[in-house]
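A.B. asks: Build out the structure end to end from the sequences listed, making use of the hints.
Protein chains in written order, with my numbering: chain A, 1 to 258; chain B, 1 to 242.
Please note that a few of the clues may not be correct.
Derived BS3-like pairs (lysine-lysine); straight-line CA-CA distance at most 25 angstroms [said to hold, decoys possible]:
#1 54(B) <-> 233(B)
#2 2(A) <-> 147(B)
#3 96(A) <-> 25(A)
#4 225(B) <-> 96(A)
#5 79(B) <-> 96(A)
#6 26(A) <-> 54(B)
#7 249(A) <-> 79(B)
#8 240(B) <-> 96(A)
#9 79(B) <-> 24(A)
#10 233(B) <-> 96(A)
#11 54(B) <-> 6(B)
#12 84(B) <-> 96(A)
#13 6(B) <-> 84(B)
#14 96(A) <-> 249(A)
#15 122(B) <-> 24(A)
#16 79(B) <-> 6(B)
#17 217(B) <-> 25(A)
#18 217(B) <-> 88(B)
#19 88(B) <-> 10(A)
#20 240(B) <-> 217(B)
#21 10(A) <-> 123(B)
#22 88(B) <-> 2(A)
#23 147(B) <-> 24(A)
#24 189(B) <-> 147(B)
#25 233(B) <-> 84(B)
#26 249(A) <-> 217(B)
#27 189(B) <-> 10(A)
#28 122(B) <-> 147(B)
#29 122(B) <-> 10(A)
#30 147(B) <-> 25(A)
#31 2(A) <-> 233(B)
#32 147(B) <-> 26(A)
#33 2(A) <-> 122(B)
#34 225(B) <-> 6(B)
Since the hints were derived computationally from the structure, they do not count as laboratory data.
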Amino acid sequence: MKEIISFLNKYGYLISELVLRDIKKKYRRSILGVFWSLLNPLITMIVTAMIFSNLFRFDITNFPLYLLCGQIIVTFYNESTGFAMSSIIENGVLLKKVYIPKFVFPLSRVMSSCVNLLFTLPALFLIVIVTTHSLPPATFSFILPLFLFFLFCLGIGMLLSTVAVYFRDIFHLYGIFLSLLGYTTPVFYPESIVPEKYMFLFKMNPLYYYLSAFRQAVYEGHLPDYGLIAVCVGLSAAALVVGTYFFRKYQNNFILYI
Amino acid sequence: MEPVIKVEHVSMHFNLMEERVDSLKEYVLKFIKGNLMYNDFIALDDISFEVEKKDMLGLVGLNGAGKSTLLKILAGVLKPSVGKVEVKGTMVPLIEVGAGFDPDLTARENIFLNGVILGYRKKFISEHFDEIVDFAEIRDFIDVPVKNFSSGMYARLGFSIATVVQPDILIVDEVLGVGDFRFQEKCEKRISEMIARGVTIILVSHDITMIERLCNKVIWLDHGKMRAYGDMKTVCEEYKKI
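C.D. replies: Given below as structure tokens:
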């Protein structure tokens with residue numbers, strides 16, 4: 001604990017500057033700026049909702065909210081891990097010049113994606129209020145699965161940023177993997193349409209658990225199941241351990257390959 | 001006197017592949033052909049020395065002798081394959097100044113970003129902001145993205161940010177070759193001021209007159225080995241003979 005405090009004391013400014021830089025760069029010279037973080041998921045949600053409530057009809061009550069929950073989780077995963085993956089390579093010049101603890105880079109990338117996600121929350125609550133005319137206090141328990149999901153993405157991001165240094169093909173492979181992952185996550189379809197024999201796909205997909213817990217809070221308006229949270233805790237811990245292990249093992253050689 | 005830098009039996013090996021293998025296809029092809037060979041390249045071979053407080057250590061040697069590798073190890077950027085390095089006190093590396101700038105951000109934003117990267121406090125940067133800007137002479141361009149800067153402005157800003165503190169140890173790698181002669185004089189003056197205040201300097205330069213002017217001790221590196229180490233005059237005279 002003492003180490004964490006002294007670390008934050010020393011590198012907290014650096015992390016906040018790096019996060020700030022990512023956000024500044026993302027919205028530099030755009031007129032609406034940060035509002036895009038709010039508008040983007042809303043517009044995507046509206047378009048997707050229009051398509052799916054006319055073309056394919058699923059038996060889902062309050063489809064817009066169902067959809068938005070799924071989108072937020074999947075988008076955050078795609079953005080944060082993809083962004084973290086390139087963090088070491090893109091900051092190569094810096095790493096060659098001064099000593100900085102290297103995991104600051106994937107961390108700050110996942111954090112800036114998280115800040116983006118926080119900007120979309122007003123849109124989410126707006127949809128909750130408009131569609132259900134209520135905002136039960138249990139909705140705010142979404143913080144817990146979201147926090148666990150953040151740790152999960154951090155672990156995966158550290159792993160990917162390590163792999164990317166040695167194996168650049170990962171950038172192309174990961175895009176394919178992400179679209180596969182996206183389809184095996186129940187974002188726009190109900191779980192019930194998947195036949196029993198394919199349910200293992202959900203069970204293998206970590207995103208499924210976080211999304212379920214997130215939906216229980218926001219969409220169903222009650223506290224997430226303990227069992228589900230326990231699974232999320234396990235997944236986050238596993239991702240962090242694996243990510244940190246590989247990152248630490250290889251970080252001293254990064255500079256020779258970037 | 002107690003040493004501020006202690007280098008013990010440091011060696012640096014690089015696994016240089018014959019060619020860089022960047023993709024799976026190449027990797028598989030090379031693997032099948034059996035020529036995925038690693039070339040062990042020894043950049044530094046068993047280097048040991050100590051630097052005492054207020055020493056001005058010069059590093060000389062021909063290209064590829066391992067000077068920059070040694071500096072990077074001292075700065076903590078590279079980790080030596082064998083041996084250990086102990087450094088006491090704060091250190092400012094003047095290696096490729098301005099390399100850490102983000103081209104899309106303005107000079108103002110980059111001063112803060114680069115400052116925190118070098119480990120300064122935000123408050124400290126705010127307090128010394130004007131000093132940095134004035135020394136770099138970029139007052140009129142403070143809100144311009146640095147990608148529009150000339151290389152001289154780039155280097156001036158980098159040097160100005162890096163030297164605004166009084167570190168215990170200053171590492172200088174050929175940076176003084178940038179900018180016009182007037183700015184070079186300014187840089188040397190600032191370094192002299194730091195020397196007067198008791199900084200320890202490690203300097204790499206091909207300009208032997210500069211080493212003679214500033215240093216009291218010299219290390220001569222030759223193909224990763226330490227060929228000579230000691231008093232400036234003796235080592236420099238030997239070095240000039242080749």
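A.B. asks: For each hint, tell me whether it holds in the structure or not.
C.D. replies: The hints, checked one at a time:
1. Note on residue 54(B) and residue 233(B): the hinted pairing holds, with a Cα-Cα distance of about 18 angstroms set against a maximum of 25 angstroms.
2. With a C-alpha separation of about 41 angstroms, the suggested pairing of residue 2(A) with residue 147(B) is violated against the 25 angstroms cut-off.
3. Restraint check for residue 96(A) and residue 25(A): the C-alpha separation of about 23 angstroms stays at or below 25 angstroms, so the hint holds.
4. About 23 angstroms separates the Cα atoms of residue 225(B) and residue 96(A), which keeps this hinted pair within 25 angstroms; it holds.
5. Restraint check for residue 79(B) and residue 96(A): satisfied, since their Cα atoms lie roughly 11 angstroms apart, inside the 25 angstroms limit.
6. Distance check on the hinted pair: residue 26(A) and residue 54(B) sit about 46 angstroms apart at the alpha-carbon level, beyond 25 angstroms; violated.
7. A C-alpha spacing of about 13 angstroms is found between residue 249(A) and residue 79(B), which places the hinted pair at or below 25 angstroms, so the restraint holds.
8. For a cut-off of 25 angstroms, the pair hint linking residue 240(B) to residue 96(A) is broken: about 31 angstroms separates their Cα positions.
9. For a cut-off of 25 angstroms, the pair hint linking residue 79(B) to residue 24(A) is broken: about 33 angstroms separates their Cα positions.
10. With a CA separation close to 33 angstroms, the supplied pair residue 233(B) and residue 96(A) exceeds the 25 angstroms bound.
11. For the suggested pair residue 54(B) and residue 6(B), the alpha carbons sit about 14 angstroms apart, so the restraint of at most 25 angstroms is met.
12. Distance hint between residue 84(B) and residue 96(A) is fulfilled; the C-alpha atoms sit about 19 angstroms from each other, no more than 25 angstroms.
13. Straight-line distance between C-alpha atoms of residue 6(B) and residue 84(B) comes to about 8 angstroms, which keeps the hinted pair within the 25 angstroms bound.
14. Pair hint residue 96(A) plus residue 249(A) holds up; C-alpha atoms about 18 angstroms apart against a cutoff of 25 angstroms.
15. Straight-line distance between C-alpha atoms of residue 122(B) and residue 24(A) comes to about 18 angstroms, which keeps the hinted pair within the 25 angstroms bound.
16. Restraint check for residue 79(B) and residue 6(B): the C-alpha separation of about 15 angstroms stays at or below 25 angstroms, so the hint holds.
17. This hinted pair does not check out: residue 217(B) and residue 25(A) have alpha carbons roughly 46 angstroms apart, beyond 25 angstroms.
18. In summary, the hint linking residue 217(B) to residue 88(B) is supported, as the alpha carbons are separated by about 19 angstroms, within the 25 angstroms threshold.
19. The straight-line distance between the Cα atoms of residue 88(B) and residue 10(A) is roughly 17 angstroms, inside the 25 angstroms bound, and the hint therefore holds.
20. Taking the CA atoms of residue 240(B) and residue 217(B), the gap is about 15 angstroms. The hint holds against a cut of 25 angstroms.
21. For the hint pairing residue 10(A) with residue 123(B), the CA-to-CA distance comes to about 13 angstroms; that is within 25 angstroms, so the pair holds.
22. Among the hinted pairs, residue 88(B) with residue 2(A) is consistent with the structure: their alpha-carbon atoms are about 22 angstroms apart, no more than 25 angstroms.
23. The hinted pair formed by residue 147(B) and residue 24(A) meets the criterion: a straight-line CA distance of about 16 angstroms does not exceed 25 angstroms.
24. As the CA atoms of residue 189(B) and residue 147(B) are separated by approximately 28 angstroms, the hinted pair breaks the 25 angstroms bound.
25. Between residue 233(B) and residue 84(B) the alpha-carbon distance is near 29 angstroms, which puts this suggested pair outside the 25 angstroms criterion.
26. At most 25 angstroms may separate the alpha-carbon atoms for a hinted pair to count; residue 249(A) and residue 217(B) exceed this at roughly 37 angstroms.
27. In summary, the hint linking residue 189(B) to residue 10(A) is not supported, as the alpha carbons are separated by about 31 angstroms, beyond the 25 angstroms threshold.
28. Of the pairs offered as hints, the one joining residue 122(B) and residue 147(B) holds, with about 24 angstroms between alpha carbons and a cut-off of 25 angstroms not exceeded.
29. This hinted pair checks out: residue 122(B) and residue 10(A) have alpha carbons roughly 11 angstroms apart, not beyond 25 angstroms.
30. Distance check on the hinted pair: residue 147(B) and residue 25(A) sit about 13 angstroms apart at the alpha-carbon level, within 25 angstroms; holds.
31. Restraint check for residue 2(A) and residue 233(B): not satisfied, since their Cα atoms lie roughly 49 angstroms apart, outside the 25 angstroms limit.
32. Straight-line distance between C-alpha atoms of residue 147(B) and residue 26(A) comes to about 17 angstroms, which keeps the hinted pair within the 25 angstroms bound.
33. A hinted pair counts as satisfied when its Cα atoms are at most 25 angstroms apart, and residue 2(A) with residue 122(B) qualifies at roughly 22 angstroms.
34. Restraint check for residue 225(B) and residue 6(B): satisfied, since their Cα atoms lie roughly 17 angstroms apart, inside the 25 angstroms limit.
The structure does not agree with the numbered hints 2, 6, 8, 9, 10, 17, 24, 25, 26, 27 and 31 stated previously, though it agrees with the rest.
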